[in-house]
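Participant: Protein chains in written order, with UniProt numbering: chain A, 1 to 341; chain F, 1 to 571.
These aren't lab readings, by the way, just hints derived from the structure by calculation. No residue lacks a Cβ here, since even glycine has one placed at the ideal position from N, Cα and C. Treat the hints with care, since some could be wrong.
Residues on chain A that point at chain F, a partial pick, calculated with CB under 8 Å [as the list claims (entries may be wrong)]:
1) 31
2) 39
3) 46
4) 84
5) 97
6) 193
7) 245
8) 296
Take a look at the letters that make up each chain.
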Amino acid sequence: MFNFTIRRLILTIPTLLFISFVIFLIVKLSPSDPTGNLPLTIPAEVREQIREALGVNQPLIVQYLKWLQQFFWIEPLIYLENATGWDLGAGDATRLISYQTRSPVMDLIMQRMPQTLWVVGTAYVVGILIALPIGVISAYKQYSVFDQVGTFVSMVGFSVPPFFSGVVVIVLFSVIIPSDSFFWLPSIYDTTHRVTDWDSFVYQFRQMIMPVMVLALQITAQISRFTRASMLDNLNQDYVRTARAKGLRERTVVLLHVLRNSMIPVVTVIALGIPSIFGGAIITEQVFKVNGLGQLLILSIQGGDVPTVQTLTFIFAILIVLFNLIADILYGLLDPRIRYD
Amino acid sequence: MKLTTALMGAAATLVLTPAAFADGHEGERGRDGQLNIIYWQAPSTLNPYLSGGTKEIESASMIVEPLARFNEVGEMVPWLAESIPTVENGGVAEDLTSITWTLKEGVLWSDGTPFTAEDAIFTWEYCTHPEGGCANINYFDGVTSMEAVDDRTLKITFDAPKPFPYTALVGSESPIIQKAQFENCIGAAAPTCTEQNFGPIGTGPFKVDEFKANDVIQLSANENFREAGKPAFATVLFKGGGDAAASARSVLETGEFDYAWNLQIDPQVLSDMEQVGIGTVAVAFATSVERLMVNQTNPDPALGDERATLAHPHPFLTDRAVGRAMSMAIDRSLLVEVGYGAGGQPTCNVLPAPEAYASTANDDCLTQDIEGAKQVLEDAGWTDTNGNGIRDKDGIELEVLYQTSTNAVRQDTQALIKQWWSEIGIETELRNIDASVFFGSDPGSPDTFQKFFADVEMYTNNFAGVDPEAYMARWLCSDIPSPENQWQGNNNQRFCDPAYDALVDEMSQTADLDRRAELAKQMNDMLMQSYSIIPLIHRGNPSAHANSLGGVKMNDWDSEIWNVKDWYRTE
């Protein structure tokens, strides 16, 4: 197992380098212009000067190598310096600068991280907590009313996009319900809000309800289906009959024997979904103005902000590769029959 | 006598004071709490010189200020200057080569240091540095030097007579930044100064507390602001993100915000939201015109490198009869109703404002005339000889490719116009391109509006400020995009007329405002009658504000929140 992990970790390096180069080429070769969204009143010569100042006109390979150096060397160095107070000589180096904001990309990402992790992360946890019991009960009482309703809700969760469900809940809870009512919820997420006492926590809770629930609906749909399918696979197995024949209580059979074995594929799915938390939820973030990583990514794509798009997508790539590895290892740990060596 | 005057003065003060306070918007600074503004496009920086985008310029306009601004009717009002210099008051030299501004007395930056002419000079140096990539550098065109005669007197000298000298340091695009703060941020160092760019020190009514790029700005009243009792709001939350419909909803339906910007959404939806009764939509019109550009050169791919260049005139769009018929077939009022509502008016001019410059010679385009359009084509010899429903002449069929940027309203407009054109026997193929590609100027992309590899294209353009000289100079022969100039240029429809060039030249040497207006109208009419531009809609800028917010004067000549210092809470 240890050897396997080390081997896989080493293999990720060329994979990631290749991914970064492909991302770079895709972003760079697609026709976009960082000055494209500026008002037309700005003349072409001025646009050219702006592009020149941004370094857009340098040869591609120079831009790529520069990005590599900034991402893998200068940025970590600067963070290390800030964390430890040592002087490692990174002070004067040019950091990875976003075209749109002309500020360091990593700072933007760090600034966006908390709200994305809060909202999308909470939604993920809430989604899983709702999904597991639904999946278990649906499978145990297959074709019952509960199962049918669960299937229906999952289908709705799967098929209704958040730009629809989001607007529906906003109209319900922010527009129709009067704003002095207890059930009224804010439609715009306040990213400057700080939790300092009970009241501010309540406000934070209220402003998170709608985005979290909209996102959780989708996650619930996906994971409850997985749990249900996996439970059904196991419920018909011989070992279940054996357990029942031994006279074990039904609760023990389902929750200890069946559930544990059913969780193996589900845990993998959950682990593989974690990188998407960092990716943010582009649409839901837009609908509720959460302005997290997803919104940063979409704005950067629209604004032709190559360094930001490149850095963000590459970080997602790292997370995906990493969590794939974690899922593989978890699989081995949960299922003793699987051995990688 | 003196005593009487003094007494009368005192009495008058006593009478007037309650009257002023009764108006509800006089009092001490910061009395009205928080103002919430939402811009659905979030500002990326607060340094307007590094962006040039509307969202950055407008958000920064609460913090940094110019010498003079344009008010809601497009007139100049002194802002950091005492008055507007003119030839009459001696502020502008007789030969039009220099202008002398006197700054207001006692103006302080928000950090408490005095504002001087040196700051203005520094701003000019900052923006014109060749490595800085300043987006508003053209506001300083022709400036050869700036000198501080004393702390409060700034003399700007131009390289040639400048009939309209109010561009440098005037309007929201060229505000004055603080020398002490930006001194080390000049040229190539500009983007490294994140702290400065995200928190400029200004003379304006508000100062930055926190700036989160592409997300939110928190501001508070500037305690050193020069006008007593202003601003009325203690803090401002300037939120960005989402979409136009959601920000309209947050002001007009949920009341979470006080002011929402740029609400170009379905007019029906907007007016339904307004019915709720807690907010109002206000529209300001300036110079934006949605227009069709009619390609005067042949975009046929078979021409290879000479595609869409002057070497090959367009096979049929150079025939004015065709352009005229295309224009006559359009029902502009219906386009307004479908796509723009209160935010648009039909227009027949590419230069619709300011009023003094607007021509009335082309107004017959306001009514649709399908039959007339057919007759025009008929008379010009365009008939359907082969019975395929498309008019032709000498084997050339009237088939056009009509492109624009991807945008719901534009696609509706395209569909309607295609329908009208098919009624008069012109076949139209529609195409839409993502805005960042279409308006991008990547010379490698075939889809830019400058390359114009299509027959007709549609977009909006305008000019900043109130003087149309530079705008009208866009249609010079020398400004045609071509492979020789890497497709850079403003004359996208490739209009070329030596008589027009002569008028542009004359305008650049004329200072008399009446004559300038006459020339501008003449140029507008020449363009209109060439049918190389078919204007459609004079676009306004709709914004919404809560009914409890007073003092809003919608303005499209400057930043729309130009007078945020005067805003107050009515209840």
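Participant: For every hint, state whether the structure bears it out.
Facilitator: Now for the hints, and whether the structure bears them out:
For residue 31 (chain A), the shortest C-beta to C-beta distance to chain F is roughly 4 Å, which falls under 8 Å, so the interface hint holds. For residue 39 (chain A), the shortest C-beta to C-beta distance to chain F is roughly 6 Å, which falls under 8 Å, so the interface hint holds. Because the closest C-beta pair between residue 46 (chain A) and chain F is about 5 Å apart, less than 8 Å, the hint holds. The interface hint given for residue 84 (chain A) is broken, as the beta carbon of that residue sits about 22 Å from the closest beta carbon of chain F, more than 8 Å.
Restraint check, residue 97 (chain A) versus chain F: the minimum CB separation of about 5 Å is within 8 Å; hint holds. This hint is violated: residue 193 (chain A) has a C-beta 10 Å from the nearest C-beta of chain F, more than the 8 Å allowed. Of the supplied interface hints, the one on residue 245 (chain A) is violated, with its beta-carbon coming no nearer than about 60 Å to a beta-carbon of chain F, more than 8 Å. About 6 Å separates the beta-carbon of residue 296 (chain A) from the nearest beta-carbon of chain F, less than 8 Å, and the hint is met.
Of the numbered hints listed earlier, those contradicted by the structure are 4, 6 and 7.
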